[in-house]
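2 protein chains.
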Amino acid sequence: MGKKGKKGKKKKSTSAASGTPFSDALRVGEGYVLADLDTRRTPAFDGDKSDGVDALLAADGELDGLQERLYAEGTAGGSKRVLLVIQGMDTAGKGGIMRHVVGSVDPQGVDLTAFKAPTEEELAHPFLWRIRKALPGPGKIGVFDRSHYEDVLVVAVNDLVPPAQWKRRFSTINDFEQELIEDGTTLIKVVLQISKEEQGERLAERLDRPDKYWKYNPGDVTEREKWADYQVAYQEVLDKCSPASAPFYVVPADRKWYARLAVQQLLLEHLRAMDLTWPEADFDIEVEKERLANS
Amino acid sequence: MGKKGKKGKKKKSTSAASGTPFSDALRVGEGYVLADLDTRRTPAFDGDKSDGVDALLAADGELDGLQERLYAEGTAGGSKRVLLVIQGMDTAGKGGIMRHVVGSVDPQGVDLTAFKAPTEEELAHPFLWRIRKALPGPGKIGVFDRSHYEDVLVVAVNDLVPPAQWKRRFSTINDFEQELIEDGTTLIKVVLQISKEEQGERLAERLDRPDKYWKYNPGDVTEREKWADYQVAYQEVLDKCSPASAPFYVVPADRKWYARLAVQQLLLEHLRAMDLTWPEADFDIEVEKERLANS
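Chains A and B, in that order, are what the protein sequence lines are.
Position one of the first sequence corresponds to residue 1 (the UniProt record's numbering), numbered consecutively onward.
Position one of the second sequence corresponds to residue 1 (the UniProt record's numbering), numbered consecutively onward.
Just so you know, the hints here were simulated from the structure itself, not pulled from any lab data.
Beta carbons: idealized from backbone N, C-alpha and C, even for Gly.
Within a straight-line C-alpha distance of at most 20 Å, the following computed DMTMM-like cross-link-like pairs (lysine to aspartate or glutamate) qualify:
hint, chain 1, residue 1, chain 2, residue 2
1, A, K133, A, E122
2, A, K80, B, D211
3, A, K212, B, D282
Which residues of chain A face chain B? A partial, calculated answer using Cβ under 7 Å:
hint, residue
4, A72
5, T75
6, A76
7, M98
8, R99
9, G103
10, P107
11, L207
12, P210
13, W214
14, P218
15, V221
16, E225
17, P279
18, F283
19, E288
Using the sequences plus the hints, can you model the full thing?
As structure tokens, then:
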């Protein structure tokens, strides 16, 4: 393709965020059926992979600027903050989101927590204990790689606690999230959804490449064998924990480039809606200029 | 400049890491005199700003690859880890290092801690208490924006504890750092050194731009007025806490592009020396391929 064509493509891809917002295209409302999702689709974006990669890079500057304003507001006593929750099956691309979307943001403004199987100490506390400890402070973008939702997903599928106990957690989670929102948190909850076939290919790649062995765990196949149960558990999460005030967004994730773009755009759309501004000076500018000149 | 010239420049800049290693050019040995440093120099690099910016970008891929190997070793039970300590006067460019050098690394592999004035709880504990809590785990790159060295810098200059107490800390720190090294930590200690004039200009910029007011604090000028005392305190740190096994590197930092490149190259040179390799599979590959195929 010639230079002109390339330029034309770039122009199209920077308009990725116009048209239907990603939030509207991906939001989970009443009656949502996860099983109906075509995980190769690219809602709210009509470009191809190369357009998507361009669009991701093109939005970096705006994301940087909004994040810095958020951080600045936080240092000046503001209470606004963001919590981005990323859920998904093994190999759904959570790591890629962390690396390519979260990784493009100034690390000083990000609090990233990857939740693993709980430790003994964590198990000795209510399930939200470790979650509360990891919540972002004012001005920060908190990112959860897995989250409190594991306590109604892996826990439910594997009967790790009695059903009566984990079933109570849906309302506990809804109350907890409302509390976060009241404290100034903009909550963005995402499920990266891949097909079982796509997961099979991604796991196979890990077994084919010596530089990927470390990412493979025999337990991944054990969990894969419970695929259908996980889908039921995810559907229940979407049924019970996607109120209009704290909705889930389900991102079709068989195409990695699309999933990254979609999460970035969800983050951008939410940051834009936060009306972030540079804080006023809380000192006398002329006095300080004088002090500096004399120092 | 034409295309050919540009290409020529690029070639030169990617060789930034050849010739004298940055570690050798910046390492603090016996008899080092901080006051003799020309903070506009660019040791181990003979290019200009544009070369330096190119060289920084050019090294991204290698840094990524080494970091991923380090992380992989950590997941496989290795004990190696990195701790990058960044010290410097206000406006020396610590934030820029976090954003442009640390920010280029996969955030999943980085533990970044910015140490502020200690809280009441922290003050009620020995000075290394909060430091120990922030140490990186195996496979991680820990980054300290300020560190335990503040406890012999700002503390000494402002008489925050009796001299007999902070003077004891030099040997406490040396012992602590030896312990880290024995535990598998590659320690990289950096001072970003700017001139007083350069600091004056950077503070003035914060007072000139409404989008920078939030970075300004009247206390910055109060500390600036103690510039000479801080230089004495830094010299004492370099005299007492730069043994051959845990040396400081002083980076001339009046040129932001150089400081970023130098810290990146220090990190790279240390990672290269760690002999990082992809872990062997700790499972039977053929068995797992079979399990996966049947799942």
